[in-house]
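Engineer: Turn these sequences into a full structure, and let the hints steer you where they fit.
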Amino acid sequence: MLTKRIIPCLDIKDGRTVKGVNFVNIRDAGDPVELAAAYAEQGADELVFLDISATNEKRKTLASLVKQIARHINIPFTVGGGISSPEDVGPLLESGADKVSINSSAVRNPQLIDELAKAFGSQCIVLAIDARRVGNQWTVHTHGGKQPTDKKLFTWAKEGQERGAGEILFTSMDHDGTKSGFAIDPLAKLNGLLHIPVVASGGAGNEGHFMDAFVLGKADAALAASIFHFGEIKIPALKSFLQQKGINIRPGHE
Amino acid sequence: MKLSIIRYNAGNIQSVSFALERLGVDFTITDDPEQISSADKVLFPGVGEASTTMNYLRNKGLDKVILGLKQPVLGICLGMQLMCRHSEENNTDCLGIFDETVKQFIPKGDMKVPHMGWNQLKLSNGWMDPALQNKNVYFVHSFYVPVNPHTSAVTEYINPFSAAMRKDNFYAVQFHPEKSAEAGELVLKTFLRS
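Top line first, the protein sequences correspond to chains A and B.
Position 125 (the first sequence) corresponds to 125 in UniProt numbering; numbering is contiguous.
Position 45 (the second sequence) corresponds to 45 in UniProt numbering; numbering is contiguous.
Just to be clear, a hint being listed does not mean it is correct.
The list that follows gives simulated cross-link-like pairs (lysine-lysine, DSSO-like), each with its CA atoms no further than 30 Å apart [unchecked claim]:
no.	chain 1	residue 1	chain 2	residue 2
1	A	K218	B	K103
2	B	K2	B	K189
3	A	K67	B	K189
Among the chain B residues that face chain A by a calculated CB cut under 7 Å, a handful are [said to hold, decoys possible]:
no.	residue
4	F18
5	G61
6	W127
Read the hints as simulated data drawn from the structure, not as lab findings.
Cβ coordinates follow ideal geometry from the N, Cα and C atoms, glycine included.
Structural biologist: So, in structure tokens, the structure goes:
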């Protein structure tokens, strides 16, 4: 049976990981390659690297970083941040990235999803959607959740699928950083609506939250950042917990 | 040992070559028929779409080169699918080493397509190391090769399918050994020892 995936997310700025990292046995927490290798060893199923560098100039260094990651990491990984054209994607995939994620640029230009899927295949195109509840609607936001758009979560996710996205990475801005659990209801609705995998993001605070995302939210994968970086949840322990609860999961350290 | 990776428009050549580097293996990435034919072992990677890729191989004459190889050849992912007779992906005639039709997964219940993630290997008689029994390896694909007499490992998703095959000197895996952590490294090592 296909296992549920646990995905640590690393924010990258100018080639270094940002956000505080308090992680055992890491000599240099700013080195994304070393941090990624530690996660891979612990049994992470996949990794996401989000480039939050401010300028395009700095983004050019991303492909060389991707190459460094691919050289040392023996599990799949996704790269996102500032990708807005097929020309941005080619060098990242050629450098060894397995998937790229697009977000604001796809909201501005939905045709981008079609173009990327056609050029590189759906399996490597992840549509990242940041949404928060406004009134009765889950409204899509851009610019790190600051700017509301006229798009709604469910119709946008469905459109993304029809245009050729191979996976949806759904972050609830309402839950992100709260450690109060993933946004279960919209997750379950998304998973009922779509026939491509959905990654849950935003709100992980304890092991039970991951179980809820998989069991109640029907998510295919769950992503988190700080709780892993700060060692609040250790991946092998999380995986044994989920396994004991009957979730189909690849053992840590396998 | 001389190892050649067939250079064509496959998306995972870089990842495959990094995996070999990690194993400390020397290799050449080449589309030169002479270099491919004279290698001790050949890797045929693959990420992409079947018809475009087959056209590319035919235009370069690489289809005939692959068919003529007598040394161990390992097809990976699309590489394995192209070793079959035909693919439902854009109705493509392929190399025909394995007399099988590559079929498309139809989403069923909460099982989505692509089949993306880690899934278990059930070994049947074949070339895979016994230590790989029930181990998880990484898959990303929307098309699959049905279980057949040449199947060396079966994985279940929507229906049972061939995760690995072998016929004579042709070895094939549907998953990505280059992205499958230690289990994947064992697959590559086993092939390189073959």
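Engineer: Closer than 7 Å between Cβ atoms is the bar; does G61 (chain B) clear it against chain A? Give me holds or violated.
Structural biologist: At about 24 Å, which exceeds the 7 Å cut-off, the nearest Cβ of chain A leaves the hint on G61 (chain B) violated.
Engineer: Is the Cα-Cα distance between K2 (chain B) and K189 (chain B) 30 Å or less?
Structural biologist: Measuring from Cα to Cα gives roughly 14 Å; hence the hint holds.
Engineer: For the restraint on W127 (chain B), tell me whether the closest CB of chain A is nearer than 7 Å.
Structural biologist: With a minimum Cβ separation of about 21 Å from chain A (threshold 7 Å), the hint on W127 (chain B) is violated.
Engineer: For the restraint on F18 (chain B), tell me whether the closest CB of chain A is nearer than 7 Å.
Structural biologist: 5 Å, holds
Engineer: Between K218 (chain A) and K103 (chain B), is the straight-line Cα distance small enough, at 30 Å or below?
Structural biologist: It holds: about 27 Å lies between the C-alpha atoms, which stays within 30 Å.
Engineer: Mind checking the alpha carbons of K67 (chain A) and K189 (chain B) for me, to see if they're no more than 30 Å apart?
Structural biologist: With Cα atoms ~23 Å apart, K67 (chain A) and K189 (chain B) stay inside 30 Å; holds.
The structure shown violates the earlier hints numbered 5 and 6.
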